Amino acid sequence: MTWDHMTAEFLVGHYNYWMTIILMMIGLYVVVSRGNLVKKIVGLNLFQTSVFMLYISMAKIFGGTAPILTGNEDEVYSNPLPHVLILTAIVVGVATTALGLALIIRIRESFDTIEEDEIFDIEQKMAEHATSTSGER
Amino acid sequence: MLSSLTPHLPALQVVIPLIAAPLCTLFVNRHLAWAIAFTASVAAFLVSALLLASVLDGAVISYQLGGWAPPWGIEYRIDAANAFVLFIVSLIGALVLPYARQSIEREFDASTHTYFYTCYLLSLTGFLGVAATGDAFNVFVFLEISSLSSYALVAFGAKRDRRALTAAYNYLIMGTIGATFFVIGLGFLYMVTGTLNMADLAVRLDDVGDTRVTRVAFVFILVGVGLKLAMFPLHLWLPNAYSYAPPPAAAFLAATATKVALYVLLRFMFTIFQFDHPIQGLTFEYVVMPLAIAAMFAASIAAVFQEDIKRLLAYSSIAQVGYMLLGVALLTETGLTAGIIHLFNHAVTKGALFLAVGCFVYQVGSSRLGDLKGIGKTMPWTTAAFAAGGLSLIGVPLTVGFISKWYLIQASLEAGSLLIAGLIVASSLIAMVYVWRIIEVAYLEPAPEGREAKEAPLSMILPTYALVAASLYFGINSELTSNAASVAANALFSATNLASEGASH
Numbered sequence: 001m002t003w004d005h006m007t008a009e010f011l012v013g014h015y016n017y018w019m020t021i022i023l024m025m026i027g028l029y030v031v032v033s034r035g036n037l038v039k040k041i042v043g044l045n046l047f048q049t050s051v052f053m054l055y056i057s058m059a060k061i062f063g064g065t066a067p068i069l070t071g072n073e074d075e076v077y078s079n080p081l082p083h084v085l086i087l088t089a090i091v092v093g094v095a096t097t098a099l100g101l102a103l104i105i106r107i108r109e110s111f112d113t114i115e116e117d118e119i120f121d122i123e124q125k126m127a128e129h130a131t132s133t134s135g136e137r
Numbered sequence: 001m002l003s004s005l006t007p008h009l010p011a012l013q014v015v016i017p018l019i020a021a022p023l024c025t026l027f028v029n030r031h032l033a034w035a036i037a038f039t040a041s042v043a044a045f046l047v048s049a050l051l052l053a054s055v056l057d058g059a060v061i062s063y064q065l066g067g068w069a070p071p072w073g074i075e076y077r078i079d080a081a082n083a084f085v086l087f088i089v090s091l092i093g094a095l096v097l098p099y100a101r102q103s104i105e106r107e108f109d110a111s112t113h114t115y116f117y118t119c120y121l122l123s124l125t126g127f128l129g130v131a132a133t134g135d136a137f138n139v140f141v142f143l144e145i146s147s148l149s150s151y152a153l154v155a156f157g158a159k160r161d162r163r164a165l166t167a168a169y170n171y172l173i174m175g176t177i178g179a180t181f182f183v184i185g186l187g188f189l190y191m192v193t194g195t196l197n198m199a200d201l202a203v204r205l206d207d208v209g210d211t212r213v214t215r216v217a218f219v220f221i222l223v224g225v226g227l228k229l230a231m232f233p234l235h236l237w238l239p240n241a242y243s244y245a246p247p248p249a250a251a252f253l254a255a256t257a258t259k260v261a262l263y264v265l266l267r268f269m270f271t272i273f274q275f276d277h278p279i280q281g282l283t284f285e286y287v288v289m290p291l292a293i294a295a296m297f298a299a300s301i302a303a304v305f306q307e308d309i310k311r312l313l314a315y316s317s318i319a320q321v322g323y324m325l326l327g328v329a330l331l332t333e334t335g336l337t338a339g340i341i342h343l344f345n346h347a348v349t350k351g352a353l354f355l356a357v358g359c360f361v362y363q364v365g366s367s368r369l370g371d372l373k374g375i376g377k378t379m380p381w382t383t384a385a386f387a388a389g390g391l392s393l394i395g396v397p398l399t400v401g402f403i404s405k406w407y408l409i410q411a412s413l414e415a416g417s418l419l420i421a422g423l424i425v426a427s428s429l430i431a432m433v434y435v436w437r438i439i440e441v442a443y444l445e446p447a448p449e450g451r452e453a454k455e456a457p458l459s460m461i462l463p464t465y466a467l468v469a470a471s472l473y474f475g476i477n478s479e480l481t482s483n484a485a486s487v488a489a490n491a492l493f494s495a496t497n498l499a500s501e502g503a504s505h
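So the sequence lines, in the order shown, correspond to chains B and G.
In terms of this note's numbering, the first sequence is numbered consecutively and its last residue is 137.
In terms of this note's numbering, the second sequence is numbered consecutively and its last residue is 505.
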C-alpha cells in the first residue's frame, strides 16, 4: 500500500475498521500483559468484540434496511448472514466468559489470589515440594 | 426401520451424543448417566464405522441439514478424510468411557459424576461435529463446543491437584484466542467470496486469486488452528492441561483434540486454499516445516527431563504433532498420507499410554517417576501395556509407530530430502531415551517397602489393552489404515467442487 491511499476519505471511510484494529490490539495486549485473571477475561472480551464489529461492518450497507420483504424490489438491505453468525459468536463469547469467571472463582478459593505471579509462585513451591517428597510414599 | 435411518447417518453422528449429553445431567443417578453416555458413544462409533465403510471407495456423502441446499444451508459432507477422523474419535470416545467409570468413581464426589459424563459427551459432540461439517462457520461453533467442554474436563482434575484450575484457565485463554483468530480468518474469506460452504469457498477462492485479503485470511486461520493443535511454539497450554486433567479426560483429549484440529488445518489448507498461490506453499515449506522439526526435537528433549509421566507424555504429544505436520508440510500425496496415518496411529498409541498411566494413578495415587519404582512387579499387566505403547512411540517394528515412521521417511526420501529422513530417525532416538527412563524405573528399580499397589481393575485394563491390541494389530496389518489414509489424502488433494458434483444431486 502506498501513502497515496491515505486520503482523508480513505481514513474516514474505514472508521469502523480502524476502531476494530485498535480494539483488537488493546484486547490482545490486555490478555498478554495483565497479571490479574479477571482483567485477562476483560481483554479477551474486548478482543472478541472487535471481531464482532469486523463482521457487522462488512455486512452493513449505508441506507440499507433490515432484510424484510417490503414489496419494493429496489429496497436496499444489509446482509443478514454476518449478523446471524455474530449472534452465534456472541453466545460462544458469553459461554467462554462465564466459564472463565467460574474458573477464576475456583482459583480464588483454592489459591487465595487471582494474581498470576502469586499463583505461579505457589505452583513453583508445590512442584519443588513434590520433587523432594517423591518416592517417600 | 434401520434402512430409513441410513441417509441421516451424518446428522446422527453428531446428534446422538449431543442429545445424550444433557440427559446425563437430567437423570441424576450416576450409574444411569454412565449407561446413557456409554450407549451414546457406542452408537456414535457404529455410525462412524458405517460412514467410513460407505466412503472408503472414494464416494462423498452430502447431507443437507434441514433440507436447505448448499451453499445456502449447512451441509455435512463426509468423504474419506473426515470419515476416518470420525472413526478414530468415536472409537476412542467409546473405549475411554468404560475405563472412566472406575477411575472417576474413586476420584470424584458421587454428585459430580453426571457432570463429568455431560462434559465428556459434549466434547465428543464437538469433535465429531468439527469433522462432519462442510460449513466453515459451523467448524468454529463445534470447535468451541468441544473446547469449552474440554476446559471443564481439565478443571475436573482440581479434586486431585488444584493446579488443574490454572491449567484449564490458561487453556481457555489460549484456546479462545485461537478460535477468535480462526473467526477473523473466516470473516476475511467471507468478505471476498460471500460464502461459507467449504466446497463453494474452494471454487470461489479460485476466482478471487491471490489478494492481500486471502493471504491475511490464510495466516489468521493457520495461526488460529495452530493454537488449537499445539503447533510448536503455540503449544504452551498443552503440558499443564494434559498433566492435571483427570486420567480418562487426559487420555480422551490427548487422543482426539489435537487430531481433530489437525484435520481442520488439512481441510482448510488442501480443500479450500489448495495451495494455488506460491505464498501458501512457501509458508508451509519455510515456516511450518522448520517449526515441525523444531517440535520433534525441542519437545522430545523436554520430555526426557520430566519427572511426571503424564507431563512427559504431554511433551511427547507436541513432538508427535510435529511429525504429523512434517508429513503434511512436504506437500506431496505420500507426505499427506504419512501425516494422516500418523494421526490415527498416534491417537491409538497415546490413548493406550494415557490409559495405562491412569491405571498407575488409580492404584498408586501418583504418576511421578519417583513413586513408580518397581511398579512392573506389582502391576505387571499395566506396565506391560505401557511398555508396548512406549515401543510404538519410539517406532519399533510390529507397532503402529513403525508404520508411521516408515511412511514419513518414505515421503521425505521421495521429496528428495535425506536430511529430513535422518532427522526423523534422530528424534526417534530421543523418544527411546524418555521411554527407556520409564521402563527402567518400572522394571529395574526395587519397589519401596509398604506400597500396596495391586493390579488395576479389569474394566480399566481391558480398554487399555484394546488400544494396545489395536496399536499392534495395525502395526502388523496396516492395510486398512494405510488404505483409508491414502484414500483420505487423495480426497483432500483432489479439489472438491460443486460444479462437478451438481450431476449427482
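Rather than coming from a laboratory, the hints here were simulated on the basis of the structure.
Small disclaimer: the values here were computed from a predicted structure and weren't measured.
One thing to keep in mind: the hints can contain errors.
What the hints assert, rightly or not - Below are the BS3-like pairs computed for lysine-lysine, each with C-alpha atoms no more than 25 Å apart in a straight line:
{"no.": "1", "chain 1": "G", "residue 1": "Lys454", "chain 2": "G", "residue 2": "Lys377"}
{"no.": "2", "chain 1": "B", "residue 1": "Lys125", "chain 2": "G", "residue 2": "Lys159"}
{"no.": "3", "chain 1": "G", "residue 1": "Lys454", "chain 2": "G", "residue 2": "Lys159"}
{"no.": "4", "chain 1": "G", "residue 1": "Lys377", "chain 2": "B", "residue 2": "Lys125"}
{"no.": "5", "chain 1": "G", "residue 1": "Lys454", "chain 2": "G", "residue 2": "Lys373"}
As the list claims (entries may be wrong) - Covered stretches of chain G (in silico footprint by chain B; criterion: 3 or more residues with CB under 8 Å from a CB of chain B, positions within the stretch not fixed):
{"no.": "6", "stretch": "106-120"}
{"no.": "7", "stretch": "148-159"}
{"no.": "8", "stretch": "162-174"}
{"no.": "9", "stretch": "180-186"}
As the list claims (entries may be wrong) - For each label pair, taking beta carbons as the anchor points, the in silico distance ranges come out as:
{"no.": "10", "chain 1": "G", "residue 1": "Glu285", "chain 2": "B", "residue 2": "Ala95", "range": "35 to 41 Å"}
{"no.": "11", "chain 1": "G", "residue 1": "Gly281", "chain 2": "B", "residue 2": "Thr70", "range": "46 to 52 Å"}
{"no.": "12", "chain 1": "B", "residue 1": "Val32", "chain 2": "G", "residue 2": "Glu455", "range": "53 to 59 Å"}
Even glycine gets a Cβ: it sits at the ideal position worked out from N, Cα and C.
Cβ contact check, 8 Å cutoff: the stretch 148-159 of chain G against chain B, three residues minimum: holds (count 5)
Given that the stretch 106-120 of chain G was listed as covered by chain B, double-check it with a C-beta distance under 8 Å for 3 or more residues. violated (count 0)
Given as covered by chain B, does the stretch 162-174 of chain G meet the bar of three residues or more with CB within less than 8 Å? holds (count 8)
Please verify whether B/Lys125 and G/Lys159 have alpha carbons no more than 25 Å apart. 19 Å, holds
Hinted pair G/Lys377 and B/Lys125, Cα distance within 25 Å: Measuring from Cα to Cα gives roughly 33 Å; hence the hint is violated.
Is G/Lys454 within 25 Å of G/Lys159, Cα to Cα? Holds, because 23 Å separates the two Cα atoms, which is no more than 25 Å.
G/Gly281 and B/Thr70, beta-carbon distance inside 46 to 52 Å? Given a distance of about 49 Å, which is inside 46 to 52 Å, the answer is holds.
Please test the hint of 35 to 41 Å on the beta carbon pair from G/Glu285 and B/Ala95. 38 Å, holds
Verify the proposed pairing of G/Lys454 with G/Lys373, using a straight-line Cα cut of 25 Å. 14 Å, holds
G/Lys454 paired with G/Lys377 [C-alpha distance capped at 25 Å]: Cα-Cα ~10 Å, so holds.
Determine whether the Cβ-Cβ distance between B/Val32 and G/Glu455 falls within the hinted range of 53 to 59 Å. 47 Å, violated
If you look at each residue in the stretch 180-186 of chain G, do at least three have a Cβ nearer than 8 Å to any Cβ of chain B? holds (count 3)
This entry does not satisfy hints 4, 6 and 12, going by the numbered hints stated previously.
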